[in-house]
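*Asks:* Respectively, the protein sequence lines represent chains A and B. Everything in the first sequence is counted per the numbering used here, starting at 2 for the first residue and increasing by one. Everything in the second sequence is counted per the numbering used here, starting at 755 for the first residue and increasing by one.
Take the hints with a grain of salt, since some may be wrong.
Unchecked claim - The following label-pair restraints were derived from C-beta to C-beta distances: (1) B:V837 <-> A:R31: 32 to 38 Å; (2) A:Q227 <-> B:T817: 47 to 53 Å; (3) A:A174 <-> B:P892: 54 to 60 Å; (4) A:R129 <-> B:R770: 39 to 45 Å; (5) B:D762 <-> A:S147: 33 to 39 Å; (6) B:R770 <-> A:R249: 55 to 61 Å; (7) B:L818 <-> A:W96: 23 to 29 Å; (8) A:P16 <-> B:E813: 43 to 49 Å; (9) A:F185 <-> B:L763: 45 to 51 Å; (10) A:F185 <-> B:H840: 26 to 32 Å; (11) B:S861 <-> A:W96: 32 to 38 Å; (12) A:L278 <-> B:R841: 55 to 61 Å; (13) A:S147 <-> B:R841: 51 to 57 Å.
Claimed, not checked - If you only want the chain B side, here are some residues facing chain A, beta carbon under 10 Å, derived: (14) L792; (15) A800; (16) N834; (17) S861; (18) L909.
Hints listed in this document are in silico derivations from the structure and should not be mistaken for laboratory results. Only a predicted model underlies this, so the values are computations on that prediction, with no experimental measurement involved. In this text, a Cβ means the ideal position worked out from N, Cα and C, and glycines have one as well.
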Amino acid sequence: MSDDYLWDGSGTPDPEVQRLEKLLQQARYRPAVRRFAPPRPRLGLPITAAALLLALASLALYQWARPVGSVRVTRYQEGGRDDAAMGSRLYEGNWLETDARTHAEITVANLGEVRVAPSSRLRLVSARQSEQRLELARGQIQARISAPPRLFIVDTPSATAVDLGCEYSLTVADSGASVLKVTFGFVELAGHGKTALVPAGALCETRPGQGPGVPFAEDAAPTWRQAVNRLDFDRDAATLEVVLEQSRRADALSLWHLLSRVDDASRQRIAQRLIALVPLPAGVSEQDVLQLRKSALDKWWDAIEGNH
Amino acid sequence: MPTASSADLLVEAARRGDRAAFGRVFEQFAPMVHGILLARLPSEDADDLLQDVFLHALERLETLRSAPAVGGWLAMIARNRAVDFHRTRPTLVALPPNLSIIDPRRSEVAQVLAIVRTLPEAYREPLVLRLVEGMTGPEIAEHVGLTPASVRVNLHRGMQLLREKLGQEDSDE
């Protein structure tokens, strides 16, 4: 038989080629292919049995067809218009890098968006229903997450940022140090045995090998922040006087975090200053605070949180 | 299918920074790129990687030697991205050698495509472009940047091999 039909569709049709054409055209490129439509229960079945079968079938289908976790990524180039945006997927374990003229947006499984700034390097660690986790090696992300707490996590070289329902930016320098700025909600930073709870309107620095510092109100004076960091990171008690004398009500969240990071003598002085700024709530004694009783500190935090 | 001249104009405009023109290049060459990916990857992965190929191309438009070479250039990027994709995906556990490649859960389309992917590389690509994407032999040659004679030979031999393999599968059942 001539292969003219196979070559350009002319001549006598080849039945086998025709059969394959008809069959395989189902896999042809189509923009915005709809991948999966859940099956409907048959009306003749009892509702409960149908629902159970449907659930089991969906679970089995999901387990069979479940791909390696991934998130959708759209990149934008400087000066480009929206219609130039290009979408792709980032799979677990893979890195995303943006150059100096490119930023990207990651859609996090209906939980929110992460904007990746130019000159950033980021890895998708996991994209599961129970955990969406990124690793930011350098650069900056801006996350806007609307999800249950602790579902969206970002690792950096010096700390881990755990979303508690929020919007924030996280910047990682080449040294591995990072700065977190929260604009809505709360973020918990953890690393090297330390944690910091960073509310909206506050920022927090992290350092390699030392984890998170204490959070600051965004308008805290640079000299005061420097003094606090020396007390916290460098264990330089000589800066305690400056920390106490120059602290404001808005700095209460920083003092509260310092309580658990300093020696007993410093803790007592910080507690007294903090009491002057934000009185202890009912049922909480100074002794409870000095002994770092969690319930007492939590109540005081609740009182402080509205004052920063 | 685009004519060479219209594609050339679009590519030239895209190289000058006209992103709308690049969007048109995407529309015109997406079936070819999809077919090349589909000759190497399962359908769902080919769909996902398609955007990645064009993103890669957009970032490297200045390296394109000439507008008429865009088809071959995109084809090369698609082949390379498919190789990278295989390399970066987590390693899968090897199947026993006596296990059939036919999975009863999969559709006939997926089964046939899986068989096509077992063919030599030179054959599977024109077969997918012809049988899946609906391109004719001359269109495949023009888009991919090969001579019509070599595409015709590869289509012919590829179809022969595919018939044999499909026949084997039928007789095994």
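*Asks:* When the structure is checked against the list of hints, which entries are broken? Sort them ascending.
*Replies:* Those not satisfied are hints 1, 5, 10, 13, 16.
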